[in-house]
Amino acid sequence: MMRLSPSIFLIISLSATLGLPSVRPESRAWAQQDVIASLNGEPITRGEIESRAATKLYRLKWEIYDTLKTEAEALANERLLESEAKRREISVEELLQTEVRKKAQAPADEEVDSYIRENHIAAGTDGDMRSRIVMYLTERASIQRKLDLLEELLKKSDFQFLLEPPQRPRANVSVDDDPVRGSPDASITIIHFASFSCEHCAESAQKIQKLFDEFPGAIRWVHRDFLNMFDERGLAAAEAAEAAYAHGKFWEFHDRIYSLSGDFKQEDLGGALKDIGVAQSEYGSSGKSANYILEIKHDIEDGVAAGVTGVPTIFINGRQVSGTFSYEKLKEMVEEELRAESQAAGKREATLP
Amino acid sequence: MTLCDMRKTSRGIFVLSALTVVMVLALATAAYAKDPQLVPKRLSSTGDSISAGIDVEYYGQNANASWVNGYYGFWEWLFGYTNVKSHNQRITANWGSSGRKNYMDAVSGADSFDLPGQTAQAVSQTAQYVTVFMGHNDVCQNHAWEIPSDATFEANFRAGMQNLKNGLPNGATVYVLAIVDIRHLYDIGQNKKALGIVDCEVLWATSLIGLFPCGTMLNPLNTEADREYTRSRNIAFNSILERVTNEYQANDSHHHYYFTNLPFVYPFVEGDISSLDCFHPSGQGQKTLSRESWNAGPFKAYQGGS
Numbered sequence: 001m002m003r004l005s006p007s008i009f010l011i012i013s014l015s016a017t018l019g020l021p022s023v024r025p026e027s028r029a030w031a032q033q034d035v036i037a038s039l040n041g042e043p044i045t046r047g048e049i050e051s052r053a054a055t056k057l058y059r060l061k062w063e064i065y066d067t068l069k070t071e072a073e074a075l076a077n078e079r080l081l082e083s084e085a086k087r088r089e090i091s092v093e094e095l096l097q098t099e100v101r102k103k104a105q106a107p108a109d110e111e112v113d114s115y116i117r118e119n120h121i122a123a124g125t126d127g128d129m130r131s132r133i134v135m136y137l138t139e140r141a142s143i144q145r146k147l148d149l150l151e152e153l154l155k156k157s158d159f160q161f162l163l164e165p166p167q168r169p170r171a172n173v174s175v176d177d178d179p180v181r182g183s184p185d186a187s188i189t190i191i192h193f194a195s196f197s198c199e200h201c202a203e204s205a206q207k208i209q210k211l212f213d214e215f216p217g218a219i220r221w222v223h224r225d226f227l228n229m230f231d232e233r234g235l236a237a238a239e240a241a242e243a244a245y246a247h248g249k250f251w252e253f254h255d256r257i258y259s260l261s262g263d264f265k266q267e268d269l270g271g272a273l274k275d276i277g278v279a280q281s282e283y284g285s286s287g288k289s290a291n292y293i294l295e296i297k298h299d300i301e302d303g304v305a306a307g308v309t310g311v312p313t314i315f316i317n318g319r320q321v322s323g324t325f326s327y328e329k330l331k332e333m334v335e336e337e338l339r340a341e342s343q344a345a346g347k348r349e350a351t352l353p
Numbered sequence: 001m002t003l004c005d006m007r008k009t010s011r012g013i014f015v016l017s018a019l020t021v022v023m024v025l026a027l028a029t030a031a032y033a034k035d036p037q038l039v040p041k042r043l044s045s046t047g048d049s050i051s052a053g054i055d056v057e058y059y060g061q062n063a064n065a066s067w068v069n070g071y072y073g074f075w076e077w078l079f080g081y082t083n084v085k086s087h088n089q090r091i092t093a094n095w096g097s098s099g100r101k102n103y104m105d106a107v108s109g110a111d112s113f114d115l116p117g118q119t120a121q122a123v124s125q126t127a128q129y130v131t132v133f134m135g136h137n138d139v140c141q142n143h144a145w146e147i148p149s150d151a152t153f154e155a156n157f158r159a160g161m162q163n164l165k166n167g168l169p170n171g172a173t174v175y176v177l178a179i180v181d182i183r184h185l186y187d188i189g190q191n192k193k194a195l196g197i198v199d200c201e202v203l204w205a206t207s208l209i210g211l212f213p214c215g216t217m218l219n220p221l222n223t224e225a226d227r228e229y230t231r232s233r234n235i236a237f238n239s240i241l242e243r244v245t246n247e248y249q250a251n252d253s254h255h256h257y258y259f260t261n262l263p264f265v266y267p268f269v270e271g272d273i274s275s276l277d278c279f280h281p282s283g284q285g286q287k288t289l290s291r292e293s294w295n296a297g298p299f300k301a302y303q304g305g306s
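In order, the protein sequence lines correspond to chains P and W. The working numbering numbers the first residue of the first sequence as 1 and each following residue consecutively. The working numbering numbers the first residue of the second sequence as 1 and each following residue consecutively.
These are calculated hints, taken from the structure and not from any lab test. Hints may be right or wrong, so weigh each one.
[What the hints assert, rightly or not] With a straight-line Cα cutoff of 20 Å, these simulated EDC-like cross-link-like pairs (lysine to aspartate or glutamate) come out:
no. : chain 1 : residue 1 : chain 2 : residue 2
1   : W       : K193      : P       : D66
2   : W       : K34       : W       : E247
3   : P       : K69       : W       : D187
4   : P       : K297      : W       : E228
5   : P       : K210      : P       : E252
6   : P       : K249      : P       : D231
7   : P       : K329      : W       : D199
8   : P       : K155      : P       : D213
9   : P       : K331      : W       : D199
10  : P       : K103      : P       : E151
11  : P       : K102      : W       : E228
12  : P       : K249      : P       : E295
13  : P       : K265      : P       : D275
14  : W       : K193      : P       : E328
15  : W       : K165      : W       : D35
16  : P       : K56       : W       : D272
17  : P       : K265      : P       : D231
18  : W       : K193      : P       : E63
19  : P       : K156      : P       : E89
20  : P       : K69       : W       : E224
21  : P       : K61       : W       : D187
22  : P       : K331      : W       : E201
23  : P       : K329      : W       : E201
24  : P       : K86       : P       : E151
25  : P       : K56       : W       : D199
26  : P       : K103      : W       : E224
27  : P       : K146      : W       : E228
28  : P       : K61       : P       : E50
29  : P       : K103      : W       : D226
30  : P       : K297      : P       : D176
31  : P       : K103      : P       : E139
Can you make the complete structure from the sequences, with help from the hints?
Here it is, written out as structure tokens:
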């Protein structure tokens, strides 16, 4: 009979004590609910984590999608060249020599002169310049020829990339108790993470205002602060905005400050408050200021949790987009949301008894 | 501090053993013996805005987030900025803070024409470890014909290397890094737009009026052939960096020269590039650059602070 070593006895007894080999009843149920962790016996589901890390996961999925697409196209190009070379019974190198290098001629002197004239290049400033222009025009012609060859071959073939890009997720971003403009019942919520000192933020605020005007009643607009540690003017302005908010005059302050496109001094803030009827003492009071800073900090924390890394960042019903996007892009997203809302309402009506 | 001084500590014995193995291997392949390699306590970086840490997590210079000179203290922790674990931090982690110097000679906007000046500065700082990460602004010009010729780029690089050869203390290390694949940045910018993070083309459009530093790659009027031409210059300059560095390594017995092509070939992803300008590395990108370059570099055996 084989002798079991003491260490094996130890492992077996420890396993029995800890229940490692046994399958807990809840584990089977959890597997069905896609539980990926547990804390003190309480399940943590994949859905919870995917909602929490939606933006991060979306970016990773996109990297995978993009890598697969890029590499598929590169491989297709290689195969197209190989198959064309095979068809002509030559090597790929010979194919490129015949179709690319021989056909891409060095530019004539007149072409170079014409390029210099058209691009207003100052002659004689650099003795090396002409040779660099010749090199550029020659190389570019060769590269263009290769691109054209690949395009010709691609047109004759049937290449399809079959994967769909990942769907943009909706982040669950809190509006907290922050300033809201528009109806609380509006179907679209736009949350603007921004700093008052940032020029791009002033531009994105203008775009949201335009959406607000173009879709009356459809949008509720929430402002939330987001700043970095060197944004002293942004912090001072955010504090002043909190003071204005405490007096129900946030949006007056907001519009006034953003009309300056980030071009203001810290000293101007007291004046801006005064203009809208808020006493400057409200802003300077240290006790209140501490509360205001906590509010601002809370906004930043919520922003970080939602995946905000810089300003301006906009969430349209949880769909993240940067304020550097064109007004048309933002409008398109709002229209998509309204269409989805209308379709959902249609379905609800259709199922009514 | 040379390797001999390190015998005084037990940690030094371990470090010494490891470095001895590296040196024995190096000696076996070298044509002749080199001076003993100095511990890199005095660090000088030469280069451009990437090494200077521009637009990493906020607009302007983020010196704390430089892959080479970066640091991480109370304020960086408080505001949640990325700890990039720079070469500077790794050196302290491996060899302690005694005698440490951390010089950033890299300057935003610098190109190969500035390298002789920057290396002269590194020499004046008696650097024991000099990083050279230069050439992005040579590839990145407003117009393709403004990219310097190979001969000019090589002459500038050689002038910088000659300064280091003539002036650095014996046993010092020079680490040359290839220029990043700028074309790849263009592709990443497209991804950022597709992801809805930032419309990079809006930012790049300012290259039309010379406000953005890389018209040769990012100007919206460029054709695919223009971008590929710029990439070919990118590759040509990297070949020069590699060839000249190897030449100095072969012919200078007093200093240790290393080259890595890693910044060119590393598959940087969307999150590695700053969303502030769609051009410079983000905090994650600087961290990646530091880790990968350290692990491919002269002191890769020392993993303290990694």
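So if I understand the rule, the pair passes when the alpha-carbon distance is 20 Å or less; does K193 (chain W) with D66 (chain P) pass? Distance ~13 Å between K193 (chain W) and D66 (chain P) Cα, so the pair holds.
Check whether the Cα positions of K193 (chain W) and E63 (chain P) lie no farther apart than 20 Å. 13 Å, holds
Do the alpha carbons of K156 (chain P) and E89 (chain P) lie within 20 Å of each other, as the hint requires? 19 Å, holds
Check the hint pairing K103 (chain P) with E139 (chain P) against an upper bound of 20 Å on the C-alpha distance. The given pair, whose Cα atoms are some 12 Å apart, holds under the 20 Å limit.
Given the hint that K34 (chain W) pairs with E247 (chain W), does the C-alpha gap stay at or below 20 Å? Since the Cα atoms of K34 (chain W) and E247 (chain W) sit roughly 14 Å apart, the hinted pair holds (cutoff 20 Å).
Check whether the Cα positions of K297 (chain P) and E228 (chain W) lie no farther apart than 20 Å. With Cα atoms ~46 Å apart, K297 (chain P) and E228 (chain W) exceed 20 Å; violated.
Straight-line alpha-carbon gap K249 (chain P) to E295 (chain P), limit 20 Å: 17 Å, holds
Verify the proposed pairing of K61 (chain P) with D187 (chain W), using a straight-line Cα cut of 20 Å. Distance ~16 Å between K61 (chain P) and D187 (chain W) Cα, so the pair holds.
Please verify whether K56 (chain P) and D272 (chain W) have alpha carbons no more than 20 Å apart. Holds, at about 13 Å.
Can you confirm whether the C-alpha distance between K146 (chain P) and E228 (chain W) stays at or below 20 Å? 11 Å, holds
Run the distance test for K102 (chain P) versus E228 (chain W): straight-line Cα separation, threshold 20 Å. 19 Å, holds
Measure nothing beyond the straight line between the CA atoms of K103 (chain P) and E224 (chain W); if it is 20 Å or shorter, mark the hint as holding. 18 Å, holds
In summary, the numbered hints that this structure violates are 4, 6, 8.
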